[in-house]
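Q: The whole structure should be built from the sequences, with the hints applied where relevant.
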Amino acid sequence: MPANPSHDLRHDQARAAVVLTDVTLTWPDGTDALTGVTGSFGARRTGLVGANGSGKSTLLRLVAGLLRPTRGSVRTTGPVAHLPQTVPLATGTTVADLLGVRARLDALRAVEAGTTDETLLARHLETLADDWDVEARAARALAPLGLGAGDLDRPVGRLSGGEAVLVAVAGLRLRAVPVTLLDEPTNNLDRDARARLVDLVRTWRGALVVVSHDTALLDQLDETAELHAGRLSTFGGPYGAWQEHLATEQAAAAQAERTAAQALALQRRQRVEAETVLARRARYARTDFENKRRPKIVMKQRATEAQVSAGRLRTEHDGKVAAAQDALDAARARVREDTAIRIDLPDPAVPAARRLAELHGTGGAPFVLRGPERVALVGANAVGKTTLLERLVRGHPHDGGAGRAGGRLLTERVGYLPQRRDGLDEDAGVLDAVRAAAPDVPVNLVRARLARFLLRGDAVHRPVRSLSGGERFRVALARLLLADPPPQLLVLDEPSNDLDVRSTDQLVDALGAYRGGLLVVSHDDALLARLGLTRTLVLERGGVLREAG
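No gaps in the numbering here: position 433 of the sequence shown is 433 in the UniProt record's numbering, and each next residue is one more.
Keep in mind that the hints were calculated from the coordinates and are not lab data.
Glycine included, C-beta positions come from ideal geometry on N, C-alpha and C.
Where hints are given, some of them may not hold.
[Stated by the list, open to error] List of simulated lysine to any residue pairs, SDA-like, C-alpha gap at most 20 angstroms:
no., residue 1, residue 2
1, K320, A263
2, K320, L264
3, K320, A265
4, K320, R268
5, K320, R271
6, K320, T362
7, K320, R332
8, K320, E257
9, K320, P366
10, K320, R269
11, K320, A260
12, K320, A261
13, K320, T276
14, K320, E275
15, K320, T259
16, K320, Q267
17, K320, E273
18, K320, V272
19, K320, A330
20, K320, A331
21, K320, Q262
22, K320, A256
23, K320, G363
24, K320, A274
[What the hints assert, rightly or not] Ranges between beta-carbon positions, derived for each pair:
no., residue 1, residue 2, range
25, R541, G30, 48 to 58 angstroms
26, T215, Q250, 13 to 23 angstroms
27, V87, A322, 49 to 59 angstroms
28, A113, P144, 22 to 32 angstroms
29, T21, A254, 25 to 35 angstroms
30, A510, T24, 30 to 40 angstroms
A: Rendered as C-alpha cells:
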C-alpha cells in the first residue's frame with residue numbers, strides 16, 4: 001500500500017474509468033443534491049461510502065447517464081451498466097430477460113428451429129450478432145447462483161428477491177461493459193445469497209463501483225471512495241483499512257486542533273499582558289507630565305517614541321493572534337463534524353408479563369412474546385418472514401392449512417417498520433408525509449423530530465420521490481416515533497437496510513434503551529449480535545417455526 005493512499009485530484013485520471021469535474025446537481029425545487037464534486041474512480045473495484053443523504057445514489061445515476069448534471073461534466077471510458085437499489089421486475093419477465101440475453105436467445109432458437117422466412121432469418125442473424133454460444137454463456141453465468149440453462153425461461157416472479165438480485169448482477173457481469181455500478185446490492189439478501197454475491201464481486205473484471213453499507217462486502221474491494229461534505233476522496237485499500245487510516249488521521253487532526261487552540265490562547269494572553277504593560281507605561285508618563293518631573297520637550301519626545309513603540313508592539317501581537325487563529329481554523333477544518341441521526345425511542349412502560357403477540361408455525365404450540373422481550377426472526381430468502389410480519393401486523397388469522405406461518409397481536413400499540421419504504425405519498429413533501437400519520441401533532445414538534453433525523457429547513461418540503469433510501473427510512477421512522485401513546489411492540493423488517501454505519505449505531509443504541517417488546521427480521525448478523533436478543537426463531541419452508549438451538 002502506498003505511503004499516502006488517500007488522494008483525490010492526485011488520483012491518476014489518465015487511467016481512471018470515471019472522471020467527475022465540478023459536478024453539481026440541483027433539483028427542480030432548487031435543492032442542491034451535489035455541489036462541485038470533483039474526483040475519479042479507478043479501473044478497479046471500488047466501494048463508495050458516505051453518510052445517508054450525501055448523494056451516493058444520485059452520483060451513480062449521474063455516472064450511468066440517468067441524470068444530467070446542472071453544471072460540470074462526467075466522463076467514462078465506455079458504456080456503463082447500473083443496478084439500482086430496487087431491481088425493476090416487469091410482469092412476464094423471465095430469468096433470460098433479467099440476464100439481458102432474451103433477444104439473442106430467442107433469435108438463436110428461431111434459427112435452430114429452421115425458419116424459412118429469409119427476412120425473419122436475416123433479422124434473427126442480425127440480432128444474434130454471431131453470439132452462437134449465448135445459451136451456454138448464460139448457463140455458465142447462472143451456475144454460481146445454483147441455477148442453469150433450464151431456468152432461463154423461468155418467470156422472475158418464481159424467484160426470491162435475493163435470487164432476482166443475483167441474476168441481475170450476473171447479467172451485468174455477462175455484459176462485461178467497461179464500468180458497472182451496483183447500488184446497495186446486498187439489501188434483503190440472506191446469508192447464502194450474500195456469500196454468492198461476494199463471490200461474483202471478488203472475481204469481477206472491469207471497473208466496478210459499489211455503494212453499500214455492508215462492511216463484509218466492502219472489505220472485498222480494492223479501493224474505498226468516500227463522498228463527504230461534497231468532496232470525493234479515494235483511499236487505496238478496502239473499507240477496514242480505510243477506517244483505520246481515517247481514525248489515525250482524525251486523531252492527528254484533533255490533536256492539531258487542540259495544539260492550535262492552546263497556541264491561540266497563549267498569543268491572546270500575551271497580547272493582554274502587552275496591553276497591560278503599555279497601559280502602565282502610559283500612566284507613569286502622564287504622572288511625570290503632570291508633576292513636571294522632566295522638561296516638557298523631553299517628555300513629549302518620549303511620549304511620541306512610546307506611541308510608535310506601542311503601535312509596533314500591538315501590530316506584532318495582532319499579527320501573532322491572527323496567525324494563530326488562521327492555524328486553528330485550518331486545523332479545525334481537518335476535523336470532521338460527522339452528523340448522525342438521533343433516535344430517542346419513547347418509554348412504553350410494558351410490564352414484564354404483558355403478552356404482546358403470538359407467532360404460529362405449521363404445527364406445534366405458538367411462541368408468545370411477552371413484555372420487553374427481544375426476538376429475532378431469521379431464515380432463508382422466500383421462506384415467508386416478511387409475509388409473517390405483514391399477516392401479524394395486519395391482523396390476518398393464522399392459516400396453518402396453507403403452509404404459512406402467521407400470528408396474532410395482543411396489543412393495539414404496535415410500531416411497524418416494513419422492509420419496503422414505499423408506503424408514502426410520492427408527491428407529498430416530507431413534512432406532509434409525516435403529518436399524515438400524526439395529524440394532531442403540532443407542526444413545530446414534527447419539524448423538531450425531522451431535524452433529529454437530519455431533515456431540516458427546506459429539505460422538509462422536498463417531495464418523497466426525490467429521497468434516497470436512507471432518507472425514506474428516516475421519514476418512516478419519524479412517523480413511527482410520533483405515535484401517541486408510544487408503541488408497546490416494535491416490529492422491524494430489515495431495519496438496517498439503507499442506513500450508514502453511524503446511523504445504524506444510533507439505531508442500536510436507541511433499541512438498547514427501548515423498554516418495549518421487539519420483533520426484528522434481519523440478515524445482518526452483526527446487527528442482531530448487538531441487540532441483546534432474548535431468543536431467535538427460525539422460519540423454514542412450509543411455515544415451520546422453531547426456536548434456534
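Q: Measuring from beta carbon to beta carbon, are A113 and P144 in 22 to 32 angstroms?
A: 30 angstroms, holds
Q: Within a Cα-Cα threshold of 20 angstroms, do K320 and G363 meet the stated pairing?
A: Given pair K320, G363 is violated - Cα atoms ~80 angstroms apart, limit 20 angstroms.
Q: Is the Cα-Cα distance between K320 and E275 20 angstroms or less?
A: 14 angstroms, holds
Q: With a cut-off of 20 angstroms on the C-alpha distance, tell me whether K320 and A331 pass.
A: 16 angstroms, holds
Q: For the pair supplied as a hint, K320 and R271, confirm whether the alpha-carbon distance does not exceed 20 angstroms.
A: Measuring from Cα to Cα gives roughly 9 angstroms; hence the hint holds.
Q: Mind checking the alpha carbons of K320 and A330 for me, to see if they're no more than 20 angstroms apart?
A: 15 angstroms, holds
Q: Are T215 and Q250 spaced within 13 to 23 angstroms by their CB atoms?
A: Once the Cβ atoms are compared, 18 angstroms apart, the range 13 to 23 angstroms for Q250 and T215 holds.
Q: Within a Cα-Cα threshold of 20 angstroms, do K320 and R332 meet the stated pairing?
A: Holds - the C-alpha atoms of R332 and K320 are around 18 angstroms apart, at most 20 angstroms.
Q: Does the alpha-carbon distance linking K320 and A261 stay inside the 20 angstroms limit?
A: Since the Cα atoms of K320 and A261 sit roughly 13 angstroms apart, the hinted pair holds (cutoff 20 angstroms).
Q: Are K320 and A256 close enough, with their CA atoms no more than 20 angstroms apart?
A: 18 angstroms, holds
Q: Given the hint that K320 pairs with E257, does the C-alpha gap stay at or below 20 angstroms?
A: 17 angstroms, holds
Q: For the pair we were handed, K320 and T259, check the Cα-Cα distance against 20 angstroms.
A: OK: K320 and T259 at ~15 angstroms, within 20 angstroms.
In terms of the numbered hints stated before, the structure departs from hints 6, 9, 23, listed from lowest to highest.
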